[in-house]
Amino acid sequence: MSKSDKISGFFWLLFGILVSVESARLGLGTLHRPGPGFLFFYTGIFVSIISLIILTSAFLTNKMEGVRENIFGASRNIWKAVYVLIAIFLYALLMEPLGFIPVTLLLFLFILGILERKRWIVTMLTSVAVTAAAYLIFETALQSQLPKGVLEFLRF
Amino acid sequence: MDVIHNVLFGFQVALQPINLMYCFMGTLIGTLVGVLPGLGPAAAIALLLPSTFHTTPVSATIMLAGIYYGAMYGGSTTSILVNIPGEAASVVTCLDGHKMALKGRAGPALGIAAFGSFIAGTFGVIALTITGPLLSGVALRFGPPEYFAMMIVGITVLTYLSSGSMLKSLLMAAVGLILGGIGMDAISGKYRFTYGLQVLADGVGLVPVVMGLFGITEVLENLETEIKRDIVSTKFKNLFPTLQDWKDSAGPIGRGTILGFFLGLVPGGGAIIASFASYAIEKKVAKNPEEFGHGAIQGVAGPESANNSAASGNFIPLLTLGIPCNAVMAILLGALMIHGLQPGPLLMTKAPDLFWGTIVSMYIGNVMLLVLNLPLIGLWVKVLKVPYYLLYPLILLFCLIGAYSLNNSAGDVLVMLIFGIVGYLMRKFRYDGAPLVLALVLGPMLEEAFRQSLMLSKGDFSIFISRPLSLAFLIIAALLIILPIITQRKKLATLEE
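Chains as they are written, first to last, in my numbering: chain A, 1 to 156; chain B, 1 to 497.
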């Protein structure tokens, strides 16, 4: 507990201070007419106080028990989660310039073919089927306006 | 007589073919979401919200509500058959439900879960019909100080009951409050914490935050730990519980129903706590408590009834006071606001079709769920067999499309992904996301009520304690914060001894 609490405690302490400073800059107003930063100035102080309590108890527990912990565990699968995250970030960045169909196809090819190491025929068929089905459901049936991107000229 | 008149009006609305269809879709999707581990009702509602933009607010609410109570039904299936709860409120069902399945009694377990859910769900809706108008009447007398104090109670109760450290939950609520303040200040017109970023100008959207915290985070966490699913292979012939099963379950269903309903009313309370509380009570009152954990039908009937009853009870604070009592209700509140409606005491008079239509649709939805759950159990088992390597890219895709469709902007998708990472880190560092979501929704309302109260009193803080209702709310909130400190000190003292 203590190692993760020390890291998170420091983070929230900085966050609380930053919020209070920024809120003061926005204007606190008066008690009769509270300004836009009024509530958040005090909320920032509240966050800082709580994070200080978390920090203090983390240091005390550490002294008492000498706890050692690995926050992210020893799991090898954490890399899978990281690759998936990178893939969906790229998806978000490329979905407007490239369009929904190409990026969705690429996302499924990457996840099924490379990350999950499924056979290529299964990967290809599933990726095409999912992309087509998602397009039909969301664009045609639910009328979501998905980005067309490079396939704009097709007008379907 | 007014109630009967209103219920009849509700039937008129809910029985329109389009609303029946949305009710069916909601319960179907809800059951599916409940069955599938790794996708909870909060993420599912957030995900499907953009698809309701083209329909009326009544149909949209009917569908979104159906997803919520439908998920409570579906969640039991995975608990019983795979020992994996489809959603958090069914965790406790695993204890005895799965043991029953291992003993070859999967049918009666699923049956009593469905019947118990139906009875409790229906009771919850009837109670909602009766108490809704009464509460609305009381809430009409609320001014800004009462609203402020009530929202403080809501946030405190949720932090008190949420999993893990209360300090961390309080911290999360404060962070949610700050996040809710991002964007334009309604009173001064100034932009706060936006740093010139266009995507933040309208504030941090609730839907991308929820999808990130509950949808993306869930997938990332599941990717780390491989889910093993050993489905109990049995033929589901005897879904109808025997006479003895009914005798054993009648008490638990009755107690679970009443307990669940009242816990559902409390802001911060809800289906999860109701199911755990019901299990604890049943174990205490049982003649043979040693059977619990080894396939006691009471351990399935009680919690399953309690979580459904609580799901109905949850709608009362939302529809009558405009206060969401958990993350799912917070998203529903956001959904209603997107559709141009303000839930609260005026909702019943301003949009009676929505208020009564939604309530009555729940009666119909409960019948649909009984039909969906019992004969189609084989289909849900097949759904359970969908491999996770196929399921998680699909969940991700739905989240990506859902976030994009909100405003047709990749900015919302990025916000969702950032909150996906934040949620993942929060779980690693043991912070609960629910208080953050609740405070994010309540934040702007809380701030407005707070500032209006101070303007009313010309800067005098005593306005919050000079009005009896507001004072009562604040005392409850203070007690909720002080109680754990006292009990912890007592515990420490006994440990030291």
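Hints listed in this document are in silico derivations from the structure and should not be mistaken for laboratory results. No residue lacks a Cβ here, since even glycine has one placed at the ideal position from N, Cα and C. Some clues are possibly wrong.
Said to hold, decoys possible - Calculated cross-link-like contacts (lysine to any residue; reagent style SDA-like; alpha-carbon spacing at most 20 angstroms): (1) B:385 <-> A:3; (2) A:80 <-> B:103; (3) B:103 <-> B:246; (4) B:382 <-> A:42; (5) B:458 <-> A:35; (6) A:80 <-> B:426; (7) B:190 <-> B:448; (8) B:103 <-> B:458; (9) B:284 <-> B:248; (10) A:118 <-> B:224; (11) B:428 <-> A:33; (12) B:247 <-> B:287; (13) A:6 <-> B:430; (14) B:458 <-> A:118; (15) A:148 <-> B:414; (16) B:350 <-> B:94; (17) A:148 <-> A:116; (18) B:428 <-> A:148; (19) A:118 <-> A:128; (20) A:6 <-> B:350; (21) B:385 <-> B:94; (22) A:80 <-> B:389; (23) B:190 <-> A:114; (24) A:148 <-> B:426; (25) B:350 <-> B:222; (26) B:103 <-> B:292; (27) B:247 <-> B:190; (28) A:80 <-> B:167; (29) A:148 <-> A:96; (30) B:103 <-> B:290; (31) A:6 <-> B:425; (32) A:3 <-> B:198; (33) A:80 <-> B:9.
To be verified - Part of the chain A face toward chain B, derived, beta carbon under 7 angstroms: (34) 13; (35) 36; (36) 40.
Said to hold, decoys possible - Restraint ranges, calculated between C-beta atoms of paired labels, are given here: (37) A:115 <-> B:17: 21 to 29 angstroms; (38) A:52 <-> B:458: 49 to 57 angstroms; (39) A:115 <-> B:8: 51 to 59 angstroms; (40) A:79 <-> B:102: 54 to 62 angstroms.
Could you tell me which of the hints above the structure violates, numbers in ascending order?
Violated hints (numbers, rising): 1, 2, 4, 8, 11, 14, 16, 17, 18, 20, 23, 24, 25, 27, 28, 32, 33, 34, 37, 38, 40; every other hint is consistent with the structure.
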